[in-house]
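K.L.:
Sequence:
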Amino acid sequence: MVGQNAPMRVPAKVDYAIQAAAELAAADPARLTSDHIATAQHTPAKYLGNILVDDSGGLFVVDWDAPLLAPAEKDLVLVLSGLSGEHAATDAQIALFWRGYGARPVDPVALEFYRCVRRLEDITSFAANLLRDDVGEATRRDDLYWFVRQFSS
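Mapping the sequence shown onto the numbering used here, position 94 (from 1) lands on 94, and the numbers just tick up by one.
Derived from the structure by calculation, the hints contain no laboratory data.
Accuracy of the hints is not assured; some may be wrong.
[Claimed, not checked] Keeping only pairs whose Cα atoms sit at most 20 Å apart, straight-line, the calculated SDA-like set for lysine to any residue is: (1) K74 / R99; (2) K46 / P67; (3) K46 / D15; (4) K74 / Y101; (5) K74 / A110.
Generate coordinates for the entire structure from the input sequences, incorporating the hints supplied.
P.N.:
As structure tokens, then:
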């Protein structure tokens, strides 16, 4: 399903950033500090570096793990295709996502292309980890779980 009412799953890091952004939007700017947000939202302070505020007060969530210039669908695939994580986003989080990302048309062909690319990357990564000798049993169980899940969703 593609669109503003599509189900969405978000990883914990993104969830922390969304919670912190909500705290930023609702807080008194005079009292607002990163410590305040981390405490109020029970968010690890290290994730607050993913939130940028521009000169006009606009909020932006940035994934610093692998920034790149790409079509919006490459970003949107994790949100709109439910490929990331197991925790469904709330309606409020989805509304905040679209409010922050901005209304834009979504190319379903490009979205499907990036969904397939991501799925192949995940399958390859999890399979490679399963074949390694230097991973612990817990990691192997997690990788096997996520490897099998790629074929069931």
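K.L.:
If a hint holds in the structure, say so; if it does not, say that too.
P.N.:
Hint by hint, here is what the structure shows:
| no. | hint | result |
| --- | --- | --- |
| 1 | K74 / R99 | holds, 18 Å |
| 2 | K46 / P67 | holds, 17 Å |
| 3 | K46 / D15 | holds, 13 Å |
| 4 | K74 / Y101 | holds, 13 Å |
| 5 | K74 / A110 | holds, 8 Å |
The structure fails none of the hints (numbered hints given earlier).
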